[in-house]
Each structure stands twice: as structure tokens, then as C-alpha cells.
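*Asks:* Chain by chain, the residues:
There are 2 protein chains.
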Amino acid sequence: MCQLLGMSCAQPTDFTFSFTGFAARGGHTDHHADGFGVAFFENKACRVFIDNQPSCQSPVAELIKNYPIKSRNVIAHIRKATQGDIQLENCHPFMRELWGRHWIFAHNGDLLNYRPKLDGHYQPVGGTDSEQAFCYIMQGLRARFGNREPSSSELFTAVEALTQEISRHGVFNFLFSNGRMLFAHCSTQLYYLVRAWPFATAHLVDADMTVDFSQTTCQDDRVAVIATRPITDNENWVSFGPGQLTMFERGQAILHAVVPIPKAVQKTNAANLNCV
Amino acid sequence: MCQLLGMSCAQPTDFTFSFTGFAARGGHTDHHADGFGVAFFENKACRVFIDNQPSCQSPVAELIKNYPIKSRNVIAHIRKATQGDIQLENCHPFMRELWGRHWIFAHNGDLLNYRPKLDGHYQPVGGTDSEQAFCYIMQGLRARFGNREPSSSELFTAVEALTQEISRHGVFNFLFSNGRMLFAHCSTQLYYLVRAWPFATAHLVDADMTVDFSQTTCQDDRVAVIATRPITDNENWVSFGPGQLTMFERGQAILHAVVPIPKAVQKTNAANLNCV
Chain A
1 MCQLLGMSCA QPTDFTFSFT GFAARGGHTD HHADGFGVAF FENKACRVFI DNQPSCQSPV
61 AELIKNYPIK SRNVIAHIRK ATQGDIQLEN CHPFMRELWG RHWIFAHNGD LLNYRPKLDG
121 HYQPVGGTDS EQAFCYIMQG LRARFGNREP SSSELFTAVE ALTQEISRHG VFNFLFSNGR
181 MLFAHCSTQL YYLVRAWPFA TAHLVDADMT VDFSQTTCQD DRVAVIATRP ITDNENWVSF
241 GPGQLTMFER GQAILHAVVP IPKAVQKTNA ANLNCV
Chain B
1 MCQLLGMSCA QPTDFTFSFT GFAARGGHTD HHADGFGVAF FENKACRVFI DNQPSCQSPV
61 AELIKNYPIK SRNVIAHIRK ATQGDIQLEN CHPFMRELWG RHWIFAHNGD LLNYRPKLDG
121 HYQPVGGTDS EQAFCYIMQG LRARFGNREP SSSELFTAVE ALTQEISRHG VFNFLFSNGR
181 MLFAHCSTQL YYLVRAWPFA TAHLVDADMT VDFSQTTCQD DRVAVIATRP ITDNENWVSF
241 GPGQLTMFER GQAILHAVVP IPKAVQKTNA ANLNCV
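In the order they appear, the protein sequences are chains A and B. Taking the UniProt record's numbering, the leading residue of the first sequence gets 1, the next gets one more, and so forth. Taking the UniProt record's numbering, the leading residue of the second sequence gets 1, the next gets one more, and so forth.
Since the hints were derived computationally from the structure, they do not count as laboratory data. Predicted, not measured: the structure shown is a model, and the values here were computed from it. In this text, a Cβ means the ideal position worked out from N, Cα and C, and glycines have one as well. A couple of the hints might just be wrong.
Unchecked claim - One side only, chain A facing chain B, incomplete, derived with CB under 7 Å:
{"#": "1", "residue": "E42"}
{"#": "2", "residue": "K44"}
{"#": "3", "residue": "L63"}
{"#": "4", "residue": "Y67"}
{"#": "5", "residue": "A81"}
{"#": "6", "residue": "L88"}
{"#": "7", "residue": "E89"}
{"#": "8", "residue": "G100"}
{"#": "9", "residue": "P116"}
{"#": "10", "residue": "G120"}
{"#": "11", "residue": "Q123"}
{"#": "12", "residue": "V125"}
{"#": "13", "residue": "N147"}
Using the sequences plus the hints, can you model the full thing?
*Replies:* And the structure:
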């Protein structure tokens with residue numbers, strides 16, 4: 001399948017350290033070599049970098065490792081194709097607009113025979129189950145709220161209901177953000193940690209690199225990192241439970257819910273646990 | 001104002017030569033230093049690179065100059081802000097989705113007191129007149145055709161009518177593409193050329209660089225380049241007439257129309273001729 005990496009921050013923060021470890025999994029320390037993508041929100045703007053080369057050797061990945069873009073919400077994805085060809089239009093994250101905001105989505109999993117009814121407001125450009133699910137979520141938000149942007153808690157309830165509908169179809173680990181909130185859902189495997197004052201050092205799993213965050217941060221900083229597998233080996237990563245949906249805002253986990261997963265899907269998901 | 005550069009090609013073609021000259025105008029050979037952007041279509045996928053640093057010194061621009069992305073349709077823009085702050089969300093090109101295709105838009109000009117009625121299907125993320133115009137075009141296409149993707153000629157007629165509506169409000173030079181067709185409209189200043197077999201050498205205006213295209217092309221190649229000001233000094237650039245709308249497909253100018261411009265707007269446009 002694929003791997004996900006997300007970041008939600010109190011202050012605009014650069015992603016170069018985390019991405020250096022994550023990018024190595026795209027063909028160097030792991031086999032997710034069928035393309036990658038990273039979306040950076042900078043206020044309301046969003047930059048999406050995608051490439052169909054493995055992230056361990058792509059010039060676009062080199063740029064991202066060396067250009068300290070400062071962002072409050074980041075979503076990254078390295079791909080091991082399950083559905084859809086190895087083409088650029090199938091690289092996550094995907095982007096659409098609603099209520100004058102960009103929305104970003106990346107998925108790790110496999111939705112079987114998933115053909116949601118799409119009314120045309122949002123249509124997939126590529127051939128993945130993931131982009132179909134994203135379009136269905138965007139359509140569902142528009143159908144519920146029309147042109148009125150909902151509150152955070154209304155949005156959370158809507159995302160929870162839509163996640164329940166979609167996760168009946170299979171493994172549906174995802175990251176989803178509008179540049180203010182970042183939603184993380186776990187079907188099978190997802191971890192997170194929150195770095196806050198007083199900061200310490202962190203050492204990557206996938207590269208011999210250590211950063212002492214106490215040298216570059218202040219008391220107001222707070223960073224939540226969400227990953228399919230922990231990207232550092234000396235920090236306390238917390239495992240999401242099956243069905244857990246969490247909304248992060250400015251580096252804090254604000255709202256939680258557990259989305260029920262039907263038993264038949266639980267069995268398939270358990271079989272897929274080691275397939276990330 | 002700003003400058004535009006577009007490319008429509010029969011075969012996927014790299015943009016590094018053209019972009020090297022164009023990027024120099026973003027703060028080196030010219031004053032368009034308030035950000036830049038380039039969108040590359042690769043089949044149905046579209047990569048948009050934007051930066052709020054001047055293109056003559058941005059690391060993102062360096063990547064684009066050195067990474068030969070092969071594309072049939074490219075739209076690039078360097079910005080000199082007239083409306084909207086110097087922020088990333090105001091950098092062109094803008095992107096939206098319709099009929100399962102990405103659509104890209106970049107504008108050079110100034111639309112005065114332009115507040116189109118937007119029904120919510122497409123809303124601007126930033127604060128520019130340009131993104132308002134783009135959303136209005138997208139809304140107009142959706143309103144005319146619903147979920148049915150029109151033929152090329154139907155699309156051309158629709159874009160012509162929408163251009164006429166918007167160009168009443170001021171200077172409206174633009175490039176617009178869905179990855180198959182590329183539309184170019186001129187209010188005040190726009191040039192194009194078509195390179196075809198037998199190819200020759202081209203020398204940049206803004207950098208001492210020459211390419212001999214006969215060494216890297218074949219008989220089937222054909223490239224149309226569209227620019228606010230010619231980017232080479234030894235080729236035959238053709239000037240668009242005021243109001244000229246042209247649709248390019250695979251390196252050929254396929255359809256033309258002249259969109260009438262009201263006299264009052266013509267006078268303002270004439271005064272703006274040297275402001276690009």
C-alpha cells in the first residue's frame with residue numbers, strides 16, 4: 001500500500017527533518033517507490049508537490065528536503081500502487097476547493113469495489129479508489145452545508161459520518177486538511193506524537209540524522225506529527241486505535257471519535273496490517 | 001502588471017529553455033518580482049509550482065530550470081502585484097477541477113471594480129480580480145454544460161462569450177487550459193509563434209542562451225509559444241490583435257475569434273499598453 005505523514009503546528013514550521021526520513025522509505029529503506037507527494041498549507045495557500053519518481057531519488061524531493069517551507073499543516077504520501085496505474089494523476093495528495101479554501105487528502109489503504117455515486121460537483125481526475133473517496137467526502141460536505149462554512153465541531157461530525165460510510169469498503173487510513181484543521185483516521189495503522197515545550201532531540205529511523213529542537217523552538221511552539229509508522233526512534237509515539245478519527249488544530253488533538261468498523265471489514269483489515 | 005508565457009505542443013516537450021529566459025524577468029531583466037508560478041500538464045495530471053520569491057532567485061524556479069518536465073500544455077506567470085497582497089494565495093496560475101479534468105488560469109491585466117456574482121461552485125481562495133474572473137469562467141462553463149463535457153467548438157464559443165463579459169471590466173490578457181486545449185486572449189499585448197519542422201536555432205532575449213532545436217526534435221514535433229513579450233530575438237513572433245481569442249491544440253492554432261472590446265475600455269487599455 002502506501003505511507004502517510006502529516007504535521008499540524010501552532011506556528012509555521014519547516015518539514016525538512018521529517019521529510020528526509022520519510023522520503024528514504026520511497027525506494028531506499030522501504031519499497032514505496034511508485035511516486036510521492038507533499039502538500040504545504042501557507043495561510044490559505046496550498047502548494048502541492050508531486051512526482052512519479054521514487055522520493056529517495058526525485059529532484060522534487062531534493063528541493064523539499066532543502067527548501068525550508070514553513071507551514072502549519074502538511075500532508076505527505078509515498079505510494080505503493082494497489083489501484084490505478086503508476087501515473088502522476090494517481091499520486092496523492094489530491095486537492096479540491098470548497099468555501100474559498102483548498103482541501104487536501106491522502107489515503108493509505110484499499111477500498112474494494114468502491115464506486116460511490118458522484119453528482120458531478122467533484123470528479124476524480126485519475127483512476128484510484130482514494131480520489132473517488134476524496135470526491136465523495138467533498139460532495140458530502142457540500143451537500144450538508146451548501147455555501148455555509150460550518151463550525152469545527154459540525155465539520156468533525158460530518159467527516160465522522162462520511163468516514164463511517166466509506167470505511168465499510170475496506171482499509172481507509174487517511175489524512176485530510178483544509179489548512180486550519182487536520183483530520184487523521186486509522187483503519188489499521190497510524191501513530192502520532194506531540195512535540196511541545198521543553199523540546200528535546202529527535203533521531204530519524206530511516207537516516208542517521210538527529211535534531212535538537214530545543215535549539216530552534218520557543219515556548220509557543222507545538223507540533224503534532226502523524227505517521228503510518230514512527231519516523232523517529234527516541235520519541236513516544238502513540239498508536240491510534242482501529243476506527244479512531246482525530247482532528248488536530250495548531251499542534252493539538254482537539255476532537256476524537258471512534259468510527260465503528262463492520263466485523264467483516266475488521267477481519268480483512270487485520271490481514272492487511274503488515275502490508276503498509 | 002504581470003507577464004504570461006504558455007506552450008502548446010504536439011509531443012510532450014520540456015520547458016527549461018523558455019522558462020530560463022522568462023524567469024530572468026522576475027527581478028533580473030525586468031521588475032515582475034512579486035512571485036511566480038508554472039503549471040505543467042502531463043496527460044490529465046497537472047503540477048503547479050508557485051513561489052512568492054522572485055523567479056530570478058527562487059529555489060523552485062531553479063528546480064524548474066533544471067528538471068526537464070515534459071508537457072503538452074504549460075502556463076507560466078510572473079507577478080507584479082496590482083490587486084491582492086504579495087502572498088502565495090495570490091500567485092497565478094490558479095487551478096480548479098471540472099468534468100474530471102484540471103483547469104488552469106493565469107491573467108495579466110487589471111479588472112476594475114470587478115465583483116462577479118459567484119454561486120458557490122467555485123470561490124476564490126486569494127484576493128485577486130484574476131481568481132474571481134477564473135471562478136466566473138468555471139461557473140459559466142458548468143452552468144452551460146452541466147455534467148456533460150462539451151466538444152472543442154462548443155467550449156470555444158462558451159469561452160468567447162465569457163471573455164466578452166469579463167473584458168468589459170478592463171485589461172484581460174489570459175491563458176487558460178484543461179490539458180488538451182490552451183486558450184489565449186489578448187486585450188493589450190500578447191505574441192505567439194509556432195516552431196515546426198525543419199526546426200532552427202532560437203536565442204533568448206533575457207539570457208545569452210541559444211538552442212538548436214533541429215538537434216533535439218523530429219518531424220512530428222510542433223510547439224506553439226505564447227508570451228506577453230517575445231522571449232527570443234531571432235524568431236518570427238506574431239502579435240495578437242486587440243480582443244483576439246485563439247485556441248491552441250497540440251501546437252496548432254485551431255480556432256480564432258475577435259471579442260469586441262467597448263470603446264471606453266479600449267482607451268484605458270491603450271493607456272496601459274506599456275505597463276506589462
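*Asks:* Now tell me if each hint is right for this structure.
*Replies:* Each hint tested on the structure:
1. At a threshold of 7 Å, the smallest CB-CB gap from E42 (chain A) to chain B is about 5 Å, leaving the interface hint in force.
2. Interface hint status for K44 (chain A): upheld, as the beta-carbon distance to the closest one in chain B is roughly 5 Å, under 7 Å.
3. Below 7 Å, beta-carbon pairs count as interface contacts, and L63 (chain A) has one with chain B at about 5 Å; its hint therefore holds.
4. The interface hint given for Y67 (chain A) is met, as the beta carbon of that residue sits about 5 Å from the closest beta carbon of chain B, less than 7 Å.
5. For A81 (chain A), the interface hint is violated, since its Cβ never comes within 7 Å of a Cβ in chain B; the closest pair sits about 14 Å apart.
6. Satisfaction of the interface hint for L88 (chain A) is found here, the shortest Cβ-Cβ separation to chain B being roughly 4 Å, below the 7 Å cut-off.
7. The interface hint given for E89 (chain A) holds, since its Cβ lies 4 Å from the closest Cβ of chain B, which is under the 7 Å cut-off.
8. Because the closest C-beta pair between G100 (chain A) and chain B is about 4 Å apart, less than 7 Å, the hint holds.
9. Hint status for P116 (chain A) relative to chain B: violated, with the closest Cβ pair at about 14 Å, above 7 Å.
10. With a cut of 7 Å, the hint placing G120 (chain A) at the interface with chain B holds, because the nearest CB-to-CB distance is about 4 Å.
11. At about 4 Å, the closest approach between the beta carbon of Q123 (chain A) and any beta carbon in chain B falls short of 7 Å, and the interface hint on this residue holds.
12. The closest approach between the C-beta of V125 (chain A) and any C-beta of chain B is roughly 5 Å, which is under the 7 Å cut-off, so the hint is satisfied.
13. The beta carbon of N147 (chain A) comes within 4 Å of a beta carbon in chain B, closer than 7 Å, and the hint placing it at the interface holds.
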